[in-house]
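Residue numbers (numbering that gives the first Met the number 0), protein chains in the order written: chain Z, 0 to 318; chain R, 0 to 253.
Please note that the accuracy of each hint is not assured.
As the list claims (entries may be wrong) - Just a few of them, taken from the derived set where beta-carbon distance is under 8 Å, the chain R residues facing chain Z:
1. G89
2. A92
3. S127
4. V138
5. Q156
6. T157
7. E165
8. N179
9. Y183
10. I233
11. I243
12. L247
13. A250
Just so you know, the hints here were simulated from the structure itself, not pulled from any lab data. For clarity, every value in this text was computed on a predicted model and none was experimentally measured. Every residue, glycine too, gets a C-beta built ideally from N, C-alpha and C.
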Amino acid sequence: MSKIWVFAEVTPEGNVDTAALEILTKARSLDGEIAAVALGPGATAAAPKLGEYGATTVYASDDDVYGDFIAQPAAEALAHLVGEQSPDLILFATNYDSRDIAGRLAAKVDSTIMSNVTGLVSVDKAQTSIFGGALIVDVALQGAPKIALVRPKSFVAEPSGGSAEVVQVSAPVSEEAKKSKRVERHEEAASGPKLEDAPVVISGGRGLGEPDNFKLLDELAGLLGNTAVGATRAVVDAGWVPYSYQVGQTGKTVKPGVYIAIGISGATQHVVGMKGAKRIIAINKDEEAPIFALSDLGVVGDALKILPQLIEEVRTRKG
Amino acid sequence: MNIAVCVKHIPDPNVPPEMDGTRLKREGVTGVLDPGDEFGVETGLQLKEAHGGEVTLVSMGPAAASEAIKRGLSMGADKGILISDDALKGSDALVTAKVLAAALKREQFDLIIAGVESTDGYSGVMPSILAELLGLPQVTFVKKLEASDGSLKVDRQTADGYHVIECSLPALITVTAGVNEPRYASFKGIMAAKKKPVEQLSLGDLGLSGDDVAIKQTVEEIAPAEERKAGEVIQDDGTAAARIADFLQEAKVI
Ligand SMILES: Cc1cc2nc3c(=O)[nH]c(=O)nc-3n(C[C@H](O)[C@H](O)[C@H](O)COP(=O)(O)OP(=O)(O)OC[C@H]3O[C@@H](n4cnc5c(N)ncnc54)[C@H](O)[C@@H]3O)c2cc1C
Ligand SMILES: Nc1ncnc2c1ncn2[C@@H]1O[C@H](COP(=O)(O)O)[C@@H](O)[C@H]1O
Numbered sequence: 000m001s002k003i004w005v006f007a008e009v010t011p012e013g014n015v016d017t018a019a020l021e022i023l024t025k026a027r028s029l030d031g032e033i034a035a036v037a038l039g040p041g042a043t044a045a046a047p048k049l050g051e052y053g054a055t056t057v058y059a060s061d062d063d064v065y066g067d068f069i070a071q072p073a074a075e076a077l078a079h080l081v082g083e084q085s086p087d088l089i090l091f092a093t094n095y096d097s098r099d100i101a102g103r104l105a106a107k108v109d110s111t112i113m114s115n116v117t118g119l120v121s122v123d124k125a126q127t128s129i130f131g132g133a134l135i136v137d138v139a140l141q142g143a144p145k146i147a148l149v150r151p152k153s154f155v156a157e158p159s160g161g162s163a164e165v166v167q168v169s170a171p172v173s174e175e176a177k178k179s180k181r182v183e184r185h186e187e188a189a190s191g192p193k194l195e196d197a198p199v200v201i202s203g204g205r206g207l208g209e210p211d212n213f214k215l216l217d218e219l220a221g222l223l224g225n226t227a228v229g230a231t232r233a234v235v236d237a238g239w240v241p242y243s244y245q246v247g248q249t250g251k252t253v254k255p256g257v258y259i260a261i262g263i264s265g266a267t268q269h270v271v272g273m274k275g276a277k278r279i280i281a282i283n284k285d286e287e288a289p290i291f292a293l294s295d296l297g298v299v300g301d302a303l304k305i306l307p308q309l310i311e312e313v314r315t316r317k318g
Numbered sequence: 000m001n002i003a004v005c006v007k008h009i010p011d012p013n014v015p016p017e018m019d020g021t022r023l024k025r026e027g028v029t030g031v032l033d034p035g036d037e038f039g040v041e042t043g044l045q046l047k048e049a050h051g052g053e054v055t056l057v058s059m060g061p062a063a064a065s066e067a068i069k070r071g072l073s074m075g076a077d078k079g080i081l082i083s084d085d086a087l088k089g090s091d092a093l094v095t096a097k098v099l100a101a102a103l104k105r106e107q108f109d110l111i112i113a114g115v116e117s118t119d120g121y122s123g124v125m126p127s128i129l130a131e132l133l134g135l136p137q138v139t140f141v142k143k144l145e146a147s148d149g150s151l152k153v154d155r156q157t158a159d160g161y162h163v164i165e166c167s168l169p170a171l172i173t174v175t176a177g178v179n180e181p182r183y184a185s186f187k188g189i190m191a192a193k194k195k196p197v198e199q200l201s202l203g204d205l206g207l208s209g210d211d212v213a214i215k216q217t218v219e220e221i222a223p224a225e226e227r228k229a230g231e232v233i234q235d236d237g238t239a240a241a242r243i244a245d246f247l248q249e250a251k252v253i
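For reference, chain Z alone in the conformation it holds in the complex:
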């Protein structure tokens, strides 16, 4: 049987990144023995959860070194484990830290690495989607261990009710690996539900004209309730709203019941992050805007005129 590993990011409280649970769930459908690797504070506490989603073994270390220093200590530990256990496939979620760790590991073990994976066919075949999701590409991976970075929300997380044996990792960490140090953590807390989990998402793009107009989105989100506000890269790069609002290729993947795209052209890199929404509404003044090709309801018009009217309309209907 092949050995499939899932690298899981965990929080100091022992919470597991949802994307890791999605990947574990999918891994259960492949022919293999599944282990999870969790490194950093909270790793051991996270093990039961990882077991519940399909890992039979959890390689864990609660050592602060994995949280304090970027990528290198974790890549060293993984390479050490690979040397001991020879896994066939190592799956990572496309997160900020995991991406760096996966890359360094690929170099250490001299293995091919595939990014942007959206489907797993077998231990040696993965899928990605290109052109904003229009085409699905099957890619065969050779050598071992194969390394893949899977996009969040590619699969649905479902517990299997299993449990895992915890194996403490005691890999040495070199001084060389302690050169890139995290000294402060800042969270840009948004009110309301998390973007990734919200049942309704309203996103704004450059068509909103100026940063101040995001207030209209906040107001509408507040009225609707349980609604998060997102944005395109164009406006986060311009500093209108924090990076944490970004939906798309380099930002978050969302799958809400309703996604409302306002003043957003619908570039492929934005679309990959939101095309999984159940229903899509778009407001754009250009009837040729690509976003209309995937909208259930498209409105050709001026967002700055429609938004205040919509806010009033919702207020009235809510009574």
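Given the coordinates of chain Z, assemble chain R with the ligands onto it according to the supplied hints.
Positioned in the frame of chain Z, the structure of chain R with the ligands alone reads:
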């Protein structure tokens, strides 16, 4: 500060991409310097202006990739290195990193700069692999940076905000599109670029063989995905807000 910037030559992103078998079609499509890499070039130039030194551009790609290097030189970089070899067509991130590492190893750089993701390939991992191959620490997703004697202080974008990272030099960083405002190439810059050296290297020049750059992933099939169908598109005649509210009611959001 001796700085190297990785620059990729890509098909013009304003032209809708087409497939040529299992690869992106490149023939007949004009190439440009990846717009994402202009931020890397700008970062390098600003550091040079503040701390002195030299900015070297390094690219792996077809012969035409010298155009991308030219563009960076016109912005103000000092010299270029282009690695071109037929054996490198369709390289994955690991192979690209091996080749760039071999080229960069020949000189001592204090800082290597790349983009977070390329526009055409967007693997986002080439820079981390390169850092590991060169034995350098890394900071990815840099949205702000300060350099002082032998170290960097960086704001690194995260899912919920940012982290402040301190990193000793030499190091590798990747910069986001929000890190600065890339300058335009001036006429003077374009003229000066013509005289700047661009070193052309093959795999053999770097002591690499075909085996070293064997690609371990192959595209087997490309199939159209299930397409989302476009629904109703209406022109706003003053009633669109009500129509959207109806839709939200049907979806039980209101
Ligand atoms: C490697 C890479 C990764 C990327 N990752 C992401 C990502 O994660 N997320 C992302 O979003 N982008 C990403 N991008 C950028 C992406 O390619 C687009 O540039 C970006 O999504 C465009 O944002 P926008 O729709 O706000 O702006 P634009 O494309 O400028 O569109 C603005 C739209 O607003 C409309 N408009 C203007 N005025 C009004 C008005 N008054 N009322 C109504 N409509 C109006 C216009 O018709 C236009 O369609 C990435 C790009 C690259 C190269
Ligand atoms: N062929 C290449 N030549 C030079 N730099 C590259 C090349 N491929 C990738 N890079 C650099 O690595 C970054 C990330 O690319 P990628 O891993 O393809 O998403 C790019 O923004 C470039 O700075």
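Hint check:
no.: 1; hint: G89; result: violated, 12 Å
no.: 2; hint: A92; result: holds, 6 Å
no.: 3; hint: S127; result: holds, 3 Å
no.: 4; hint: V138; result: holds, 6 Å
no.: 5; hint: Q156; result: holds, 5 Å
no.: 6; hint: T157; result: holds, 5 Å
no.: 7; hint: E165; result: holds, 5 Å
no.: 8; hint: N179; result: violated, 11 Å
no.: 9; hint: Y183; result: violated, 18 Å
no.: 10; hint: I233; result: holds, 6 Å
no.: 11; hint: I243; result: holds, 6 Å
no.: 12; hint: L247; result: holds, 7 Å
no.: 13; hint: A250; result: holds, 5 Å
Comparing the model with each numbered hint stated earlier shows that hints 1, 8 and 9 do not hold.
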